[in-house]
Structure formats: C-alpha cells, structure tokens
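Hey, can you work out the whole structure from these sequences and the hints?
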Amino acid sequence: MTTYTICVFTENSIGLLNKITIIFTRRRINIESLTVSETERKGISRFTIVIKHEKREEVEKLVRQIRKIIEVLAVFGYLNEDIVYNEIALFKISTPLNGKSVDVETINKVYKAWVVYWGLDYVVIEKTGTETEIFDFFRYIKPHGIIEFVRSGRVAVGKTPQGLIEYLPEEITEWEYYL
Amino acid sequence: MGNLLEIELKQETLVAPTQEKEGQTFLSGAQAMMECLLAESVDNIFGYPGGAIMPTYDALYDYIDRIKHTLVRHEQGAGHAAQGYARVSGRTGVCLVTSGPGGTNLITPIADAIIDCTPLVCIVGQVKSNLLGTDAFQETDMIGVTTPVCKWNYQITDPNEVPEIMAKAFFIAKSGKPGPVVIDFARDAQAAKMTKPFVYKKVEKMVSYSPRIVPKQDQIEKAAELINKAKRPYILFGHGVLIADAVQELLDFVEKTDIPCASTLLGLSAMPNNHPNYMGWLGMHGMYAPNVMTDECDVLIAVGMRFDDRVTGDSTKFAPQARIVHIEIDPSEVDKIKKAEAPVIGDAKEALKMLMPLVKKGDFTGWKNEFRKLDVKEYDKVTLRDLSQEGKIKMAEVVALLSDKTNGEACIVVDVGQHQMVTARYYQFRKPNSYIASGGLGTMGFAIPASFGAKVGAPDREVVGIIGDGCFQMTIQELGTIAQSGLAVKMIILNNNFLGMVRQWQQLFFDNRYSFVELQNPDFITIARGFGIDGHTCSERENLSDSLDKMLDSKKAYLLEVIVEKEENVFPMVPAGTSVSEIRLE
Numbered sequence: 001m002t003t004y005t006i007c008v009f010t011e012n013s014i015g016l017l018n019k020i021t022i023i024f025t026r027r028r029i030n031i032e033s034l035t036v037s038e039t040e041r042k043g044i045s046r047f048t049i050v051i052k053h054e055k056r057e058e059v060e061k062l063v064r065q066i067r068k069i070i071e072v073l074a075v076f077g078y079l080n081e082d083i084v085y086n087e088i089a090l091f092k093i094s095t096p097l098n099g100k101s102v103d104v105e106t107i108n109k110v111y112k113a114w115v116v117y118w119g120l121d122y123v124v125i126e127k128t129g130t131e132t133e134i135f136d137f138f139r140y141i142k143p144h145g146i147i148e149f150v151r152s153g154r155v156a157v158g159k160t161p162q163g164l165i166e167y168l169p170e171e172i173t174e175w176e177y178y179l
Numbered sequence: 001m002g003n004l005l006e007i008e009l010k011q012e013t014l015v016a017p018t019q020e021k022e023g024q025t026f027l028s029g030a031q032a033m034m035e036c037l038l039a040e041s042v043d044n045i046f047g048y049p050g051g052a053i054m055p056t057y058d059a060l061y062d063y064i065d066r067i068k069h070t071l072v073r074h075e076q077g078a079g080h081a082a083q084g085y086a087r088v089s090g091r092t093g094v095c096l097v098t099s100g101p102g103g104t105n106l107i108t109p110i111a112d113a114i115i116d117c118t119p120l121v122c123i124v125g126q127v128k129s130n131l132l133g134t135d136a137f138q139e140t141d142m143i144g145v146t147t148p149v150c151k152w153n154y155q156i157t158d159p160n161e162v163p164e165i166m167a168k169a170f171f172i173a174k175s176g177k178p179g180p181v182v183i184d185f186a187r188d189a190q191a192a193k194m195t196k197p198f199v200y201k202k203v204e205k206m207v208s209y210s211p212r213i214v215p216k217q218d219q220i221e222k223a224a225e226l227i228n229k230a231k232r233p234y235i236l237f238g239h240g241v242l243i244a245d246a247v248q249e250l251l252d253f254v255e256k257t258d259i260p261c262a263s264t265l266l267g268l269s270a271m272p273n274n275h276p277n278y279m280g281w282l283g284m285h286g287m288y289a290p291n292v293m294t295d296e297c298d299v300l301i302a303v304g305m306r307f308d309d310r311v312t313g314d315s316t317k318f319a320p321q322a323r324i325v326h327i328e329i330d331p332s333e334v335d336k337i338k339k340a341e342a343p344v345i346g347d348a349k350e351a352l353k354m355l356m357p358l359v360k361k362g363d364f365t366g367w368k369n370e371f372r373k374l375d376v377k378e379y380d381k382v383t384l385r386d387l388s389q390e391g392k393i394k395m396a397e398v399v400a401l402l403s404d405k406t407n408g409e410a411c412i413v414v415d416v417g418q419h420q421m422v423t424a425r426y427y428q429f430r431k432p433n434s435y436i437a438s439g440g441l442g443t444m445g446f447a448i449p450a451s452f453g454a455k456v457g458a459p460d461r462e463v464v465g466i467i468g469d470g471c472f473q474m475t476i477q478e479l480g481t482i483a484q485s486g487l488a489v490k491m492i493i494l495n496n497n498f499l500g501m502v503r504q505w506q507q508l509f510f511d512n513r514y515s516f517v518e519l520q521n522p523d524f525i526t527i528a529r530g531f532g533i534d535g536h537t538c539s540e541r542e543n544l545s546d547s548l549d550k551m552l553d554s555k556k557a558y559l560l561e562v563i564v565e566k567e568e569n570v571f572p573m574v575p576a577g578t579s580v581s582e583i584r585l586e
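Those protein sequences? They're chains A and B, same order as listed.
Residue numbering for the first sequence follows UniProt numbering, starting at 1 and increasing by one per position.
Residue numbering for the second sequence follows UniProt numbering, starting at 1 and increasing by one per position.
A hint or two may mislead.
With a cut-off of at most 25 angstroms between alpha-carbon atoms, the simulated SDA-like pairs for lysine to any residue come out as follows [as the list claims (entries may be wrong)]:
#1 A:K19 to B:I115
#2 B:K205 to A:E133
#3 A:K19 to B:E164
#4 B:K168 to A:I14
#5 A:K19 to B:K205
Label-pair restraints from in silico Cβ distances [what the hints assert, rightly or not]:
#6 A:K55 to B:E225: 24 to 34 angstroms
#7 B:N543 to A:G15: 54 to 64 angstroms
#8 A:M1 to B:Q428: 33 to 43 angstroms
#9 B:K256 to A:K55: 33 to 43 angstroms
#10 B:K373 to A:G15: 52 to 62 angstroms
#11 B:F516 to A:G15: 18 to 28 angstroms
Simulated from the structure, these hints should not be mistaken for laboratory data.
Even for Gly, the Cβ is constructed at its ideal location relative to N, Cα and C.
Structure (structure tokens):
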C-alpha cells in the first residue's frame, strides 16, 4: 500500500464535500484523512485527502473522476516524497498531584512539542509533525496516562518552487491533471 | 455562437407579469424560469405537477402558447420522454416535476441519461427553504439523492439566482459529454419576486468547467501516424459520433482511408448499414465478424466510445495485440478500461476533421474480405435460422420485414432485452439517430415514453417502438400520454410471454431453471383501446406483412402485438465476463 496525498481545488459551494467523497465511496477507497479550508484566493477551497492504495493507475483514474466534478478547478496527486506535510495533534495528559510530573524539557527539546494549557491535574500538549513523529511522541507520553488524544488531517504543500494556486489561471482553458 | 443573448424584458412581451424598472414588480422565480426556457429556445417540456412545483405550473399557464408541455402519467415517463426527445433531435430535454416522490420517480431516467450521455435539465420542486431538513411533507434531499447520478445539480432558494443558474444548467447539460442536470427549486424561490430585472446571459464557458472541443495538434499527429502505419486498422465508433454530429466526418474519414468499421450498440445508425466499409456492430450480442476481428486488427481506432464491458467482455483479453487510438471528449474515459497509445481528447467531429488531411488514402480490400468471410459463417449458423420462416413467428423476421417496409428510415425506439438485440441485428439503418435505446443502464420500460418523446422531437419521422411484453408493462400508463397527445406513435410488442433475455441466461447458464420469468400477460390490445389507441394482434405468419402495413398506414398511434416463438435465443453471444473469442453462435 502506498500513501497518496490528493489536493483538490474547488469553488466554495454547498454539497461539494459530498460530491467529492462519494467518488471514493463508489470505488471502495477509504479516506485516511481529510482537511478542507479556504485558500489564499477567496472563494477557492483546498481539500487535502490522504488515501492508501496499491495501484497508482487506480489513483490516476480517481484523480480524473474528481476533476470531472463541475465545481472542481484542479486536482493534484502526490507521493509522500513530493510534498512537505504535517499534522497537528493534541494530547490531554493526566498529571495527578503525587504522580509523575511531565518532563517539559524532553517534550520541548526532543519531541518539539509544547504544553499549551495547564489544568489542575492535567496538561494539554500540542505536537506538530508527520504521522510517524506524532506516534513516536504518543508512545513516549503514553505512560503518563492519555486522557484524550486528537489528530488533525494532513496539510501539505508541494516541493516545487511554484504555488499550486499558480496552476489555476483566472480562466481555465485546459483540463489538466497532475500526478 | 459567440454573442451573448441578453433579454431585457419589455412589458408588452409578457402576457401576465409586468416588469418595471423603478423598484416596482419584477418577475417571480417561476416566471423567470419560464423566461429562461424561452431564452434557451425550449419548445417542449415533459412533466407532472404537484404541491411544491405549483407556482411554476401557474407561471407556465401564461406561457402555454410558447412552451408546449406534455402531461405524462408518471414522472419516470417524463424523464424517458425527454431522453427520447433529446436523442432524436440533439436538443436538451426538459422535465418539470414536483418534490419528494416526483423527484425520486425521476431518478431512473437521470441515471439512464448520465450513463448514455443524454442532455437533460430536470427542474424539481422543493419544499419552502425554511422547511428544508425538517422532514416536511414531500421533502426529499434531491441534491443528496441525485449527486451520484447527475452531471450537475443545484438548489435554488433565491429567485434572483434563476437566470444565472439556468444558463449554467443548459450549458453543462449539453456541452462536453452531455448529461442530466438537476435543479432543485424551492417553492418560496418560485413564488417570490426577483429584486432586479431579469437578464439572461447564455453561458458558453465556466472557469471550473470547459471541456476541450478542438483536440491538441500533437495528439492528432500521433494518432495519424499510428493510423497511417497500420496494416489491419479497424474503427470502432460509438454514440459520441451521433452526439457530436460527426456522421458526415466519419463517413468522409472511412471513405478516404478505406478502413473497415463497426459500431457499438448506441453508435448504430451513425453509418448506413449498407455502406461497404460497415461491418456491423459489436458487443455481447453483436455480430460475429466485428467481435472476432477485434482480436485480429493491429490498430484500433475508437471514436466516441468507452469500451463498455458489454463491448469488451473480459477487457484484459480484449484486443490485447492492438495499438489503440482513442478519440474521446471525456478525459476520464481515456485509459479507464483500455490503455490508449494515442489518446485524442476532444469532440469527435473536430478530431475527425483534423485527422482527415493527415491520413493516407488506403485500400484495405483484402482485410475487409476477412470480415466478409466470417459473415458467411454467421449467416449460415444464425441468420438463416432466425429468418427461416419455420414454426412460430420469430422476432427477427418481424424486424427484418419492418426494416424493408420502412426502407430503413424509421426512428426505432427499443426497450431492453432480446427484442432490443434482435432489432439491432435486423433493422437496416439508413438515417442517423434512428436507434434509441437504453444502452448503459438497460432500463426496462424505456421504450413507450421514449418513443413518445422521439415523436415529439421528430414529428415528421416515422417513429416505431419495438417493445417486449415484460417491458411494455413497466410504463404501460404512458399509453395515456400518447393518446392525449394525438401523436402517431407506432408500437410493436414482440410477445413471447417470457422475460426472454433472463430466460435465455437461465437456459444457458443456470441449467434451465426458469426462475420467475414466465408472464401471465393482459390483453394488450384491449388495454390500448381502453386508453384510446387502436391495435391488433398478429399470431400467424401469413398476416404479418398486412399487420405491419396496417400499423404503418395508421394516421394515429397504433399498437401491433406480434405473438412470437416463446423460447427463442439471441445469438451470437459473448457470455458475460469472457473474452470475445469465446463468442457462441449457437
């Protein structure tokens, strides 16, 4: 299984999330993570969708099917080595009065994570990184007792010097695919 | 093309509404909808009223002299009628139905239209916008329900949106690879007045959607190179040729290059059957030579077709030796089933025009003769038997006789099953857009409403629906629509008292276990008469010719029921999922 990151640029309209996700459903492809937000260009949204698939060919077909949705402006498919990507995770860690205290220095220096909230008997730690880095930290902090853990979807930018949005001319005249 | 159509409405151009400049009365959403239809030159719509679409029907009342509306008997009939209309005329079919069940009854035609690339604009009523999501009376989430089966959908909740959205709707439905568009029209947006003057600008381009019409020159050159090098080239053309109105271009191309060609089921009638380069049609029940020769060609030129599984059988074993040129308007179809060495993205008409000067004049007499040799085998094993005139009447002889009597020029609308395949085999098409069938979805019940719609779209043509006894009962109520319209739609039931195709499969692949395929049929002629349509039954061969004459001579709608051989099988046949080389002749 190879991990693919699919970036979809769309007009910001109601129901588009459904139109995109049913393309995956119909082909029985599970979405590992999904992030949507507005881009630097107003009215244009960016979807970052992570999937795992065995066949590159099938992912190419999937990309073309997504491109076919009327409100979709462009679709880009990436392998991990083509992109810089990160996720953010929040850990709510138990710190009872006479329990083991958290080693803030290790957390900061070794794991590049930060305590963002101090509660009476718990702390909230924010860790940004790849999935692997987040789970490395997860294993380190687990003995303290994780009360709650949440991880965001992936966000990614391509390693090319241009911005993807530059591939979106004001008036698109081509049906182009990038994978 | 090119200039924008702007309609500034003047008071005198409207019968009922007034539209004054200074903050007075503007058009309601429903009236705006009617103006949009006029601006798109819509002359016929098919529909069924109900609660949530009543303001639009009320507005329609003022437009009945300019927009002809046909009241169907079930919304599915409206959809298929609009499909028949669109397929025969090349225009966009329009349906108007209410919310909830009205919309859900339209799902089958919408799904049919997306897979057979038929341009439809379906205007569906919706509950008032303040009731959305409350499980209100006749509320169905039409956007949610239709998203997987339509090309585009949009919910209008503000009357001011109507002109812009409808312009987009008509553009999207008809352009590129055509398909159905669903407009979910909230009742309050129909009734409320616009707050600005109605201005309609036709859409010819959208930022997020602009299908490529003219192919790239380098793709054309690569394709031409491949075609020119071929020793045994073979053209497979499909529905795309008819949609792109590329019939003449295909003919020119074939005549210059002398390449043999075959049609897909939906490509039928794009080339006259008697053309010397036309080898027949291919697919599961297609002809022997066109199927088998896919394994013999060195270059396969696919024009406006998508390698459907009913064409390829096992696609991994389909023409594995061939280098493929694929002319296709939808980029997602290229490499979807068969990898194309020379894809040409664009409209079939433009692509063929651009290829013309680049391809060599050819002579493939020897290669074409190889097809003809196989035809003899098919003739001996299948055609002779089908037309033997022994025993009970066979479907084939009815179709062959009809073909002779209409000189191959009628518009034939078929339903789904054995009669559909037999008609494709034995009708000798001479004119384009003459085989209207539900190909991709295989919707039984398609033919009665679609033949009606075809007659509306081509009133000067002889339209004959050829329908199985099972199919006929799926949309039998549309006989009422036909009777009320007064249009001379001709219908033939090929009655074998069986769901024939399923029975054939049960016989061949399920050990003769006939599970629920025998029908106890009603008296079809009495039913037709009850609807006000005359007809008669023919069960003897000696009456067949006179029976067809009587039907064809009728100035009004007519139903001819022909009692045919009960357990007839359609051959050739490529069993599902096997390779075309495993084609069976008996």
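Each hint tested on the structure:
{"no.": "1", "hint": "A:K19 to B:I115", "verdict": "17 angstroms, holds"}
{"no.": "2", "hint": "B:K205 to A:E133", "verdict": "46 angstroms, violated"}
{"no.": "3", "hint": "A:K19 to B:E164", "verdict": "21 angstroms, holds"}
{"no.": "4", "hint": "B:K168 to A:I14", "verdict": "16 angstroms, holds"}
{"no.": "5", "hint": "A:K19 to B:K205", "verdict": "21 angstroms, holds"}
{"no.": "6", "hint": "A:K55 to B:E225: 24 to 34 angstroms", "verdict": "30 angstroms, holds"}
{"no.": "7", "hint": "B:N543 to A:G15: 54 to 64 angstroms", "verdict": "57 angstroms, holds"}
{"no.": "8", "hint": "A:M1 to B:Q428: 33 to 43 angstroms", "verdict": "54 angstroms, violated"}
{"no.": "9", "hint": "B:K256 to A:K55: 33 to 43 angstroms", "verdict": "40 angstroms, holds"}
{"no.": "10", "hint": "B:K373 to A:G15: 52 to 62 angstroms", "verdict": "56 angstroms, holds"}
{"no.": "11", "hint": "B:F516 to A:G15: 18 to 28 angstroms", "verdict": "40 angstroms, violated"}
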